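> Generate coordinates for the entire structure from the input sequences, incorporating the hints supplied.
Chain order of the listed sequences is A and B.
Residue numbers for the first sequence follow this note's numbering, beginning at -2 and rising by one.
Residue numbers for the second sequence follow this note's numbering, beginning at -2 and rising by one.
Everything labelled a hint here was simulated from the structure, so no lab data went into it.
Each hint can be trusted.
Since the list gives no way to pick out one identical chain from another, each pair is judged satisfied if it fits inside one copy or across any two copies.
Below are the BS3-like pairs computed for lysine-lysine, each with C-alpha atoms no more than 27 Å apart in a straight line: (1) K116 to K274; (2) K116 to K319; (3) K240 to K36; (4) K240 to K172; (5) K240 to K116; (6) K274 to K319; (7) K172 to K116.
If you're wondering where the values come from, they're calculated on a predicted model, not measured in any experiment.
2 protein chains.
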Amino acid sequence: MNRRAFLTGTAALIGVTATQALLSQLRAEPPSAPEDPTKESGAPPSAYGQRSTFEQALRLAGSSSSLTPLQDLHGIVTPASLHFERHHNGVPLIDPARHRLLIHGLVQRPMMFTMDDLKQFPAVSRLAFIECSGNSAGEWQGPRGQTAQETQGLISTSEWTGVLLAIVLREVGMKPDATWMLAEGADAAAMTRSIPVVPALEEALLCYAQNGEALRPEQGYPLRLLIPGWEGNVCIKWLRRLKLGTAPFMTREETSHYTDLMPNGTARQFTFVMEAKSVITSPSGGQQIRPGFVEIRGLAWSGRGRVTQVEVSTDGGETWRKAQL
Amino acid sequence: MNRRAFLTGTAALIGVTATQALLSQLRAEPPSAPEDPTKESGAPPSAYGQRSTFEQALRLAGSSSSLTPLQDLHGIVTPASLHFERHHNGVPLIDPARHRLLIHGLVQRPMMFTMDDLKQFPAVSRLAFIECSGNSAGEWQGPRGQTAQETQGLISTSEWTGVLLAIVLREVGMKPDATWMLAEGADAAAMTRSIPVVPALEEALLCYAQNGEALRPEQGYPLRLLIPGWEGNVCIKWLRRLKLGTAPFMTREETSHYTDLMPNGTARQFTFVMEAKSVITSPSGGQQIRPGFVEIRGLAWSGRGRVTQVEVSTDGGETWRKAQL
Chain A
-2 MNRRAFLTGT AALIGVTATQ ALLSQLRAEP PSAPEDPTKE SGAPPSAYGQ RSTFEQALRL
58 AGSSSSLTPL QDLHGIVTPA SLHFERHHNG VPLIDPARHR LLIHGLVQRP MMFTMDDLKQ
118 FPAVSRLAFI ECSGNSAGEW QGPRGQTAQE TQGLISTSEW TGVLLAIVLR EVGMKPDATW
178 MLAEGADAAA MTRSIPVVPA LEEALLCYAQ NGEALRPEQG YPLRLLIPGW EGNVCIKWLR
238 RLKLGTAPFM TREETSHYTD LMPNGTARQF TFVMEAKSVI TSPSGGQQIR PGFVEIRGLA
298 WSGRGRVTQV EVSTDGGETW RKAQL
Chain B
-2 MNRRAFLTGT AALIGVTATQ ALLSQLRAEP PSAPEDPTKE SGAPPSAYGQ RSTFEQALRL
58 AGSSSSLTPL QDLHGIVTPA SLHFERHHNG VPLIDPARHR LLIHGLVQRP MMFTMDDLKQ
118 FPAVSRLAFI ECSGNSAGEW QGPRGQTAQE TQGLISTSEW TGVLLAIVLR EVGMKPDATW
178 MLAEGADAAA MTRSIPVVPA LEEALLCYAQ NGEALRPEQG YPLRLLIPGW EGNVCIKWLR
238 RLKLGTAPFM TREETSHYTD LMPNGTARQF TFVMEAKSVI TSPSGGQQIR PGFVEIRGLA
298 WSGRGRVTQV EVSTDGGETW RKAQL
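Here's what the structure looks like:
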């Protein structure tokens, strides 16, 4: 539960109605159910279940990303099928039996690992959010999205399982002068980022599972880097190579992209940690609010550690009340 | 993480090989992936993701239940598609817009709740296991299953979200003399159990979501009872009715079934809590073990509270070592 917490406040909002989301136009007509389900035998057990055909929450898919329907979700675990996506040249189809991770550069023993090799190391699991560094960037120009999905849909939370990067780097004998690490994906963008080794070693995982099952293809199947609390783009998916060095590698994605433009026209590089943010997920644009008690639900998270307090205002910031975490 | 913990020990098992599980015969041939995935643009974002076609872990489905492939899973969250099933006359297809929960009997105000009514109450989320009371019962006659799935596959863990039963019973004005509650499902078995009110009030949820999305059909869509740590069969799925009374209702499922046969031929009724258990999930029958370091992974859980210590033996019980939780 580290690094992310519910914000749950209450307020009586009466008589508010909103138009249905455009998204609903995309949804298929649900099937009809028996008038009385107790009068018909139900379906037998199955080998791999699917959600009810009455459930139609969907990601909002663009050309290189898709947004999680935060306003339709519950709790903090994001179903893998609805975890946001961001990729730089599509989702590759990778055969895990042929996938390799090469670790080289400033190491005593350059090594090539199979997935079985990596799974042989001790496994750890972490409940952690991943947020695209561009999440809610569209809102800097003023409000644009109606739903939490449209405004903040590039964040999701999973239980991630893998091996600690620190353990694997010990195996290859990282040299003492190694301070930066290049991570490269096996996608058609060969997505690459430079990562400072010391802070990454604390928590970084070479991750092969998500919410109990293998990583989903969009999340880097069969292997991704996960540095909890850091920008999503640094958590290289379809991870195939780590190169240890003494300086950043100045890749395309950290020079032309993923920098922070300052007011004076210069740009900051290598700002990895996602700062504290929050979003109200319910009520959200497109939802109908009924008279009576309305619970305001939302998420608050920070790459800097556990959120300890959240305040909510229902009068445009005049007064604030503590949310229940 | 309450009520369930990892057991993770280590041992060097060298040169052990086992035959592949029969299950593998059931699995489809995986597709071929590009020789070099960096040379082909990948798939675009999608509205609802699916697992890789290379992943083929399946539930083992019988006539009225299916077993979770524990040996193929990671961490403690069970993917909803692989959560074990147990039902008494199939999985009903229920339209959530037409589903109702009736609460009556010893209450001030008998009421009928829609799903929207229930979602209007404050929501809480709990990470909890559900275990069928018959889990591993087959092993009482001696070892029968090869895999953790075959021996212990009637247990799974999810993040469950819903409204506290206590809050809804306050809404209907439960009378002080109400001590037992009948819970009835809307499946074709109209599955019913009697539940003592006082202990259930502590933690019971009227649950509509699982791992972030709506309950899966097999798990009671759109509404189930969840009493963390109690027998799965008491956590009535497709919940449509709660009746408050002063004594157990002596339903079919608590007289002819779900009792504990004692050596003297009598049977115990109303034993709800699942006791402490554990299972090694890896290595498991059908897995290949490679020479070198082998991490022994498993699960330990108890309906009585958090597991604080687990010991593992690798010499048939001669010596024991503490597992890392």
